[in-house]
Amino acid sequence: MAARSSLTDLPPLVLRERLAGGAARSAEVADAAAARVESDPAAAAAFAWFDADFARRQGVHLDTQRGRLRSIGALHGLPVAVDDMIDAARMPAIAGFAPFAGRVPEADSAIVERLRSAGALIAGKTAVRELGIGPAITSTDTDAPATAIDGCVTAVARGAASLGVGMSGDGALIRSASASGVTAYTPTFGAIPRRGVRDVAPSLDVPGVCARSISGVALLAECLFGNDLADPSTEATPHPQLLAQAGMTPPVVPTLAIVRTPWWDRADPLTQEGIGEVAAELGERCFDADLPEIFADGLIHAERVRLAEAAKNLFGTRQRYPGAVSAELTALLEQGDAILARDYLAALDWRAVLYAGLEAVLSRCDAILTPAAIGPARPGVAPEGENVFNALWTFLGVPCVTLPLLETPDGQPIGVQLVGRRGEDGRLLRTAHWLETQLTNGSA
1 MAARSSLTDL PPLVLRERLA GGAARSAEVA DAAAARVESD PAAAAAFAWF
51 DADFARRQGV HLDTQRGRLR SIGALHGLPV AVDDMIDAAR MPAIAGFAPF
101 AGRVPEADSA IVERLRSAGA LIAGKTAVRE LGIGPAITST DTDAPATAID
151 GCVTAVARGA ASLGVGMSGD GALIRSASAS GVTAYTPTFG AIPRRGVRDV
201 APSLDVPGVC ARSISGVALL AECLFGNDLA DPSTEATPHP QLLAQAGMTP
251 PVVPTLAIVR TPWWDRADPL TQEGIGEVAA ELGERCFDAD LPEIFADGLI
301 HAERVRLAEA AKNLFGTRQR YPGAVSAELT ALLEQGDAIL ARDYLAALDW
351 RAVLYAGLEA VLSRCDAILT PAAIGPARPG VAPEGENVFN ALWTFLGVPC
401 VTLPLLETPD GQPIGVQLVG RRGEDGRLLR TAHWLETQLT NGSA
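Heads up: the sequence shown begins at 1 in my numbering, then just goes up one per residue.
Straight line, CA to CA, 16 Å or less: simulated EDC-like cross-link-like pairs of lysine to aspartate or glutamate:
no., residue 1, residue 2
1, Lys312, Asp337
2, Lys312, Glu334
3, Lys312, Asp343
Calculated from the structure, these hints are not laboratory results.
Hey, can you work out the whole structure from these sequences and the hints?
Written out as structure tokens, the structure is:
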């Protein structure tokens, strides 16, 4: 079983090549994922629903398709963990809320439709916060830090899936990846359709992807990008070649802007030190940049939109299941209830103003470099205001990627986040690959 288990530890592109060439079978990959879930409690806890037989049947079907010499997709046989906020036909979708137990969607979401069309093996549905917005999941297990609350990230980090896709309304996917030592990428708002995804904060919610490499997130995201008539946030634009762009050599050596943000003092000293070390390593390829003063209230605007929309969209659930919503989430949603319409609309208007200010920085660089999280994972602790290095970027709808480039003296990972311009996702991934290569090779 050890040999089978190692299949899910292979880089996605390597595993894809083996599956396409017949050196490995999709059913073996499904067995490897199941073995990891069965043997690793942290991997098992990452899933809200996992059925080894269901996964293996998918694998056998994919092997049959390949055996009949039918065309295979870009994700053929790769196990993908799917966030439980995203509907998949014939798979339970509980959304972290006990009263939803037994809910099984009849139709796939747009995301799962595209995964199946690309030949992916749906590994299972992963755990999420209560209704996608509740309090962080905490644990005293040293392998399950409180900040790593995103189940799809944990599934990838523990080798139960090669790739993961999850929802991120305040940058939770980026934070989770930073805590877990994997790569995560949230694209420009509207790049990936959300039909079949449970609404929480539609102005902010963005599907993101995770893998153990830049090439992995580029491969998965490329298969998910595209217009969907049911999601007005998407547009009919040329399909990007994200995987190819991510692997390209930049035509000009990139320049990065080190943005510490108005909340720099909230960062753990190890995070501050790590960002300083990256800046020193980059030398003349980076420069310090301060955000305009108007950004100091950016988190207030972002939180106002998030809570107001969540309170509205979850109002029916609260009415239908009185007493079932946790006290912590109830208090959060009551804050949203109290937000006046004029204040909510004013917060939305601030998005254009702040993005114009951000453009002043992005026009001078290829990407912004900033912390991905307050600090390294601390078992059993969910720090107050943990989203301070994420919520602003989500509010502005810009693409973000976190790379596991730093670690603490005791081996805890710390992510470095890159932020790019709206619509320039390929350039951001290319810059991220360049940065990773430079720092790994020590040639910045």
